[in-house]
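J.: So the chains spell out like this:
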Amino acid sequence: MVKQGLIFAAAALLAAPALAADQVSLVSEVFVEKVVVAPNGRASTLLKQPDVVMPGDNLVFVVKYRNQGAQSARNFILTNPMPNAVAFREAAGEGALFSVDGGKSWGRLGELKVQGSDRRLRSARPDDVTHVRWAFRQPLPAGASGKVTFRGTVR
Amino acid sequence: MKSIFGALSNAKPPVLRYRMAAFPLALVFLPNAAYAAGTTAGTTISNTASATYNDPGGTQQTTPSNTVDILVDELLDVTVASADPGDVTVVPGSTNRVLSFVVTNTGNGSEAFRLTANTSLGGDQFDPTTTSLVLDTNNNGVYDAGVDTVYTAGSNDPVLTPDASIRVFVLSTIPGASTDLDRGLVNLTAAATTGTGAPGTSFAGQGQGGGDAVVGSTGADGVDDGAYIVQNASVALVKSAVVVDPFGGSEPVPGAIITYRLVATVSGTGTLTNLTIGDAIPANTTYQTGSITLQSSALSDAADSDAGEFSSNAVAVRLGALSGGTSRTVTFRVRIN
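Protein sequences appear in the order of chains B and X. Numbering-wise, our numbering puts 87 at position 87 of the first sequence, and it's gapless, one number per residue. Numbering-wise, our numbering puts 1264 at position 264 of the second sequence, and it's gapless, one number per residue.
By construction, these hints were calculated from the structure, which means they are not laboratory data. Quick caveat: nothing in here was measured; it's all calculated off a predicted structure. Glycine included, C-beta positions come from ideal geometry on N, C-alpha and C. Don't take each hint at face value.
As the list claims (entries may be wrong) - List of simulated lysine to aspartate or glutamate pairs, EDC-like, C-alpha gap at most 20 Å:
1) B:Lys64 x X:Asp1055
2) B:Lys48 x B:Asp22
3) B:Lys64 x B:Glu94
4) B:Lys48 x X:Asp1212
5) B:Lys48 x X:Asp1069
6) B:Lys64 x X:Asp1069
Said to hold, decoys possible - Here's a subset of chain B near chain X, in silico, CB distances under 8 Å, partners left out:
7) Val27
8) Val63
9) Tyr65
10) Leu109
11) Gly110
12) Asp128
As the list claims (entries may be wrong) - Listed next, the stretches of chain X that the computed footprint assigns to chain B, with coverage defined by at least 3 CB atoms under 8 Å from CB atoms of chain B:
13) 1047-1056
14) 1059-1065
15) 1070-1083
Please model the complete structure; the sequences and the hints are all you need to start from.
T.: Have a look at this one:
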């Protein structure tokens, strides 16, 4: 607990100078899908915010954003690097852009190529994704909020 | 895809929608299909998003989200596979006959495994007596007596890192009463020492790296059969005699020549080694020098490099190794005194 408190304090110190300009807030949440069997034998999928997961677990990532400033935010781009231990599966809805090279270049998944184990280029697969991002065409108006979601599997 | 995320498209977190609180004890968690090993137990999955945008002054700003940390639990999984290409051939009464198995940690954490061999199995004709389990500690795939370490349950349970394997030798004695083509089965079980059970069984806080240890799809134990098969052989020796008397007849009179014919026939699926035929010269007869033949080829009387010899008034022919289904014919002559 002491250690956590220290990290918290350090983070607050670092964030303090930028606070005045912190017009947009982001909240990241991660859920795990658990298949549960009820006493009547029916299986259903439950979403939990886990402390621990296992290889093979399916995760749902949610990033909530809110423009808490008084002005609109232009060129709003939301980026989520994939944790190394998670294989990207799919993003909800349209409009997500992907990187398979650590965030250097971006595109639709079907347009991206990676070097296969035989050193030849092949079409990128979801589990090649290193970053997922949403680039908003319209400015994010003051007071606007929303969320983006995507799924991955613990490698 | 839409349905998956439908629950998430509203502003409120979806986790509260489920009636988990109503049936907290009635629900059974099922583990998802395990990847081979996968992310190492104790790894922390950290997720942080960030946003960039232009503020009203046109300056680009960057905002990070909070960081979500999730620990990866230890999945307990193991497989055992027989490593012999087929049944191991043995002869009745033999000792320290070796069966090979490979134990593989298919979980995602370092884990010790308890090994047990069982010989009381159905579907075979005899029960081998297992005398020891040996770990292939020099990792050469072959049992090396006195070099590889004898296994003692609870004292040197092999600890395997994720995806690592160890070869285990099961040494057994074959019952003397077993007969040709009898099979004897032995199985080897490897069980995670943290615990075993139905997939999904959880051992709180016992996972590598501080998470839970959770039984994977293998039940955290693995088993496979190995088999011995008896290959035995026996030899039948048939002796016959042809008499030729000095007068052109076949009467056993003094001066008549007796040609003895010895036929050794090996039956069974095994091989007899160092097979030697010996025959003493009968009383009142005299061995005829240089008369030994093997498969119609003459052999010398001297104890030399060929297979036959005459010494101490007896004929001996070394047939060497003979497998089941083969025969050898030896002849020699004597004269009636």
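J.: Each hint needs a verdict: does it hold in this structure or not?
T.: Going down the list of hints, with the structure as the test:
1. Of the pairs offered as hints, the one joining Lys64 (chain B) and Asp1055 (chain X) holds, with about 19 Å between alpha carbons and a cut-off of 20 Å not exceeded.
2. Pair hint Lys48 (chain B) plus Asp22 (chain B) does not hold up; C-alpha atoms about 30 Å apart against a cutoff of 20 Å.
3. The suggested pairing of Lys64 (chain B) with Glu94 (chain B) holds, with an alpha-carbon distance near 17 Å, which does not exceed 20 Å.
4. Simply put, Lys48 (chain B) and Asp1212 (chain X) have alpha-carbon atoms about 16 Å apart, close enough for the 20 Å limit, and the pair holds.
5. Proximity of Lys48 (chain B) to Asp1069 (chain X) is assessed by CA-CA distance (about 14 Å); at most 20 Å being required, the pair is judged to hold.
6. Taking the CA atoms of Lys64 (chain B) and Asp1069 (chain X), the gap is near 17 Å; set against the 20 Å cutoff, the hint holds.
7. For Val27 (chain B), the interface hint holds, since its Cβ comes within 8 Å of a Cβ in chain X; the closest pair sits about 6 Å apart.
8. Look at Val63 (chain B): its Cβ gets to within about 4 Å of chain X, closer than 8 Å, so that hint holds up.
9. Here the hint on Tyr65 (chain B) is kept, as its CB sits about 6 Å from the closest CB of chain X, short of 8 Å.
10. Nearest Cβ of chain X to the Cβ of Leu109 (chain B): about 13 Å, over the 8 Å cut. The hint is violated.
11. With 8 Å as the threshold, the beta carbon of Gly110 (chain B) stays out of range of chain X, its nearest partner Cβ sitting at about 15 Å, so the hint is violated.
12. Contact between Asp128 (chain B) and chain X, as hinted, is not supported at the beta carbon level, the nearest pair being about 17 Å apart and thus beyond 8 Å.
13. Restraint check on the stretch 1047-1056 of chain X versus chain B: 10 residues with Cβ-Cβ distances below 8 Å, three needed, restraint holds.
14. Residue count for the stretch 1059-1065 of chain X with a Cβ under 8 Å from a Cβ of chain B: 6. That meets the three needed, and the coverage hint holds.
15. By the rule of at least three residues with a Cβ nearer than 8 Å to a Cβ of chain B, the coverage given for the stretch 1070-1083 of chain X holds, with 5 such residues.
Consistency with the previously given hints fails for numbers 2, 10, 11 and 12, ordered from lowest to highest.
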